[in-house]
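Heads up: the protein sequence lines correspond to chains A and B, in order. The first sequence lines up with residues -19 to 393 when you count with our numbering. The second sequence lines up with residues -19 to 393 when you count with our numbering.
To be clear, the hints were calculated from the coordinates, so they are not data collected in a lab. Just so you know, not all the hints are guaranteed correct.
It does not matter which identical chain is meant; a pair holds if it fits inside one copy or across any two.
As a list, the in silico BS3-like pairs of lysine-lysine whose alpha-carbon atoms are at most 30 Å apart [stated by the list, open to error]: (1) 99 to 361; (2) 348 to 53; (3) 154 to 324; (4) 324 to 306; (5) 94 to -15; (6) 99 to 154; (7) 306 to 154; (8) 53 to 306.
There are 2 protein chains.
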Amino acid sequence: MDIEKANLEATTRMMEARPVLVGLGRALDVVPGMRENLLLHAGPPVTWERMAGPMRGAAIGALIFEGKAKDEKEAEALIKAGQIEFEPCHHHRAVGPMAGLLSPSMLVYIVENKTHGNKAYSSLNEGRGKVLRMGAYSQEVISRLGWMNEVMGPVLHEALQMSEGLDLRTIIAKSLQMGDDGHNRMDAGSLIYTNALAPFIVKVAKDSATAAEIIRFLGENALSILNPVMAACKTMADAGHGVEGSTIVTTMARNGTDFGIRVSGLGDRWFTGPAGRVKALYFPGFTEEDANPDIGDSTITETTGIGGFAMAGAPAIVTFISGTPKDAINTTLQMYEITYTEHKYFSIPQLDFRGTPTGIDIRKVVEKGMPPRVNTGVAHKDPGIGQVGAGVVSPPMSIFEDALVAYAEQYGF
Amino acid sequence: MDIEKANLEATTRMMEARPVLVGLGRALDVVPGMRENLLLHAGPPVTWERMAGPMRGAAIGALIFEGKAKDEKEAEALIKAGQIEFEPCHHHRAVGPMAGLLSPSMLVYIVENKTHGNKAYSSLNEGRGKVLRMGAYSQEVISRLGWMNEVMGPVLHEALQMSEGLDLRTIIAKSLQMGDDGHNRMDAGSLIYTNALAPFIVKVAKDSATAAEIIRFLGENALSILNPVMAACKTMADAGHGVEGSTIVTTMARNGTDFGIRVSGLGDRWFTGPAGRVKALYFPGFTEEDANPDIGDSTITETTGIGGFAMAGAPAIVTFISGTPKDAINTTLQMYEITYTEHKYFSIPQLDFRGTPTGIDIRKVVEKGMPPRVNTGVAHKDPGIGQVGAGVVSPPMSIFEDALVAYAEQYGF
Chain A
-19 MDIEKANLEA
-9 TTRMMEARPV
1 LVGLGRALDV
11 VPGMRENLLL
21 HAGPPVTWER
31 MAGPMRGAAI
41 GALIFEGKAK
51 DEKEAEALIK
61 AGQIEFEPCH
71 HHRAVGPMAG
81 LLSPSMLVYI
91 VENKTHGNKA
101 YSSLNEGRGK
111 VLRMGAYSQE
121 VISRLGWMNE
131 VMGPVLHEAL
141 QMSEGLDLRT
151 IIAKSLQMGD
161 DGHNRMDAGS
171 LIYTNALAPF
181 IVKVAKDSAT
191 AAEIIRFLGE
201 NALSILNPVM
211 AACKTMADAG
221 HGVEGSTIVT
231 TMARNGTDFG
241 IRVSGLGDRW
251 FTGPAGRVKA
261 LYFPGFTEED
271 ANPDIGDSTI
281 TETTGIGGFA
291 MAGAPAIVTF
301 ISGTPKDAIN
311 TTLQMYEITY
321 TEHKYFSIPQ
331 LDFRGTPTGI
341 DIRKVVEKGM
351 PPRVNTGVAH
361 KDPGIGQVGA
371 GVVSPPMSIF
381 EDALVAYAEQ
391 YGF
Chain B
-19 MDIEKANLEA
-9 TTRMMEARPV
1 LVGLGRALDV
11 VPGMRENLLL
21 HAGPPVTWER
31 MAGPMRGAAI
41 GALIFEGKAK
51 DEKEAEALIK
61 AGQIEFEPCH
71 HHRAVGPMAG
81 LLSPSMLVYI
91 VENKTHGNKA
101 YSSLNEGRGK
111 VLRMGAYSQE
121 VISRLGWMNE
131 VMGPVLHEAL
141 QMSEGLDLRT
151 IIAKSLQMGD
161 DGHNRMDAGS
171 LIYTNALAPF
181 IVKVAKDSAT
191 AAEIIRFLGE
201 NALSILNPVM
211 AACKTMADAG
221 HGVEGSTIVT
231 TMARNGTDFG
241 IRVSGLGDRW
251 FTGPAGRVKA
261 LYFPGFTEED
271 ANPDIGDSTI
281 TETTGIGGFA
291 MAGAPAIVTF
301 ISGTPKDAIN
311 TTLQMYEITY
321 TEHKYFSIPQ
331 LDFRGTPTGI
341 DIRKVVEKGM
351 PPRVNTGVAH
361 KDPGIGQVGA
371 GVVSPPMSIF
381 EDALVAYAEQ
391 YGF
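In isolation and in its complexed conformation, chain A is listed as follows (with noise of 0.2 Å):
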C-alpha cells in the first residue's frame, strides 16, 4: 500500500474538481434519496431522541413549512409516532449549514464538478439572525422560507440557465484575495456571487420589483454565498473520496450533539465523539451557557481547505471570531502541520501567496496531536432561538484516532 501514492491521488482530485453552480431543483426531484417522509440534517447520523435543541427547532420549522404540522406541538408528536425519518444531509450528496435541515419541498443549490462528473446539494441562505439553521421557527422564519422557494428560489434557476453556471472555485479563489476565510467571512464572496448575477436576475424576474427585492436580499447577506460553497466544497471532498490506502479527511460535519468525520480510504464509516464547545464572541445579552455545542455541515470547507484553515488571508474575521488577526494566521500556518498538500488554486496573499493546507491527514493529526482548527456561527442551545454568536472549535482528537485504528486494522498494519 503505497500511502503517499493515495494521498496524492485524494488531494489532487479534491482540487481539480471545478464546481460550477448549474440552477436550483426541488429536493425531492433532484436530492438522491429524497423522500416524502424524510428530513435531512447536518453531520453524522442521530436520532431525535439525542438531537440537539437547534436541530430540533429547525426539524419542527421544517414541518411546519411542509404543511405537516401547523406548530411545534403537532411536530413532536408526528416524530415522536414515528412518522418522520432523520437522515444525514451526506448521506444524500447534500450538506447544509448549522442545523443544516433540508426537507422535500425545499429548492436547492445544484453544484456540478465539471472535471470529474459528481454533484451536490445546498438549501439557500436566509441570512443572519432568526433562522432556520440556527433553530428559530417562527412565522417570520416561515414566511422567509416561503418566499425564498416561491420567489427568490424560482428566478436564481433561471438567472443560473441563462448564465451557463457560475466556477465556484474561481469565485473562491478570488474572495479569498479579498478577505473571506470562505466560510464565516464570506463578505467578498457574496458580492461576487451577488453581482454576476444581477444582471441576469434582471432580466428574468417578472417584474423590476422582484428584482430588486432579490438581489437587495441577495447583496445585503454577507452569507449568501455560503450554501453553494458548501455544496462546492462538498463535490471536491466527494471526488477526494473512496481512494483506496488514502488517509485523508473527506467528511468532517456535526448535527450539535457529535462531531463525525470520513476518511477517503475508510468507506462511508463516521467516525464520532462529543461536539466540542465554541471558543466564542457572543452577540449582547447572550453568554457561553446559552450556547449549543458545535453544529454544521459547514467544516465541509476546512476539509477542503478554506475557512479555518484560510484564516490567514481574513484577518478582518477577528472582530467577528473573537482573537487576534495574528492568531488566524496562525491558526493556518498550524494547519499546514497536519495537512497534506498546498492548494493549487487557492492561496493567501499574506503568506507571499502560498496554497491553503488542504487535505487533512489522519495520520499527521494523531502523530502531532493537533486537531483541525474550524470556525463556526454558534446557534442557542434551545429550539426557536437562533445564533448567539461566533468562534473557533476543534474536533475531539478521539475520532482521527479511532479512524487510524480502523484504518490499521482494514490495511493490515
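Guided by the hints, dock chain B onto chain A, whose structure is given.
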C-alpha cells in the same frame, strides 16, 4: 504659531469629513467655474506645449466627444488657435484619474461632505484598457463615453436620488477590510458600490435590458468606484485645507509633466517638480520605454490616508503593481513616519486594525528625506494608445523642500 494645533485641526477636519455620493449633474451646470470652451485636466496647471501625450490624447478625445472637432487634426487646430482653455480640475473642486479630462457636457458625480458642507466632482469611470483617461480617443472610446453620459449617468443619478445617497467613508472603510487599498485595488469597493445601487438601478431604468447592461458595466469594472472615491477624498482634503499654520499636504496631483502639491497653511499655491518614472509591471507587449511619467489626480487618495498609504491591507495588489506583500506592508509602515496621525475611520486588519497613516506633514517628509509613496496606473506616452501598466512612484523631494521654504517665509521662522 502652534503648528501642532494647526495640524491637528487640519487632519481632524479631513477625517471627520463625511462624503456622501448624492447624484450626478452636467459639468457645465454643476462644476464651479466650468465654461463652454474650458477643459479641465489632472494635476497642476500646464500649457498645451508642455502637455504630456496621454493628456493631449484625452483633450483631443474630449473635443471630439463635445462635437467641437471631428478628428485629431481639427481638435489640435482648435487648441492651437487658442479656442480652448485648460485649467486644473483642482481649481474647480474636481478631480480626475490619469489625464483627468473633464469637458462641459460630461456628467460628473457630485459628492457632498455632510460634516462641513463642501462638495467635489469627478467624471465617471470608463473601465480599463483603451479609455480617454489613458489618452485613447478612438471611436470605441467616444461611443462608450456617449453611452455613459446618455444612458448610464442619468440612471445612476435617479438611483442615487432614490437611495438617499451613498456614504462613501463607510464604503471605503469596509473595502479596506476586504483587500482594497482605495486607489489601484478597488475590487471590493466597486462590488459594494454596484450592489448598493443595483436594486435602485433596477427600479429607475427604462427597461430590464438597460438595467442589466448598467449593472454589468459597473460590476465588471473593478475601478467603478474609483472616481466617486476620488471625489470623496477631494472633499476630505478640501475640508482640511486653509488652516492657518498647518504643514499638512492637502493636494498631490500630476499632469504627466509635473507633480504638484499644495499645503493646508499655504493657500492655493502649487509647488511643482518633474513627474517621476513609475516602477511598474507592464502589460504584455509594453516596456518602460512606452511609459508616460506619473499622471493623474488619483493621488488625492494617498493625500487622505488611503491608496499607497493603505497598501498593507491590500497584499494582493502586488500582482498588479509589482513587489511582494511584504513591500506593501513596509510601504504603509514607512508612511507613518511622514504623517501627522492615524486615521480614525480607515484601518488595516493586518496591522491589528491600526488606523492608516494620514496627513502628510511637509516637515517630516523633509526631515526624514522620505517622499510619500503612491501607486498608480501607467499611460502610454503617446496620445491615442492607453494604459500600459501599473506600479509605484514618489513625487520629487524638491517640492516638499520648496514648500517648507515658502512656509518659513510666510510664517517667519
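We went through each hint and held it up to the structure:
| no. | hint | in the structure |
| --- | --- | --- |
| 1 | 99 to 361 | neither (33 Å within a copy, 52 Å between copies) |
| 2 | 348 to 53 | neither (48 Å within a copy, 74 Å between copies) |
| 3 | 154 to 324 | both (13 Å within a copy, 29 Å between copies) |
| 4 | 324 to 306 | both (24 Å within a copy, 22 Å between copies) |
| 5 | 94 to -15 | within (24 Å within a copy, 63 Å between copies) |
| 6 | 99 to 154 | within (22 Å within a copy, 35 Å between copies) |
| 7 | 306 to 154 | both (22 Å within a copy, 20 Å between copies) |
| 8 | 53 to 306 | neither (48 Å within a copy, 60 Å between copies) |
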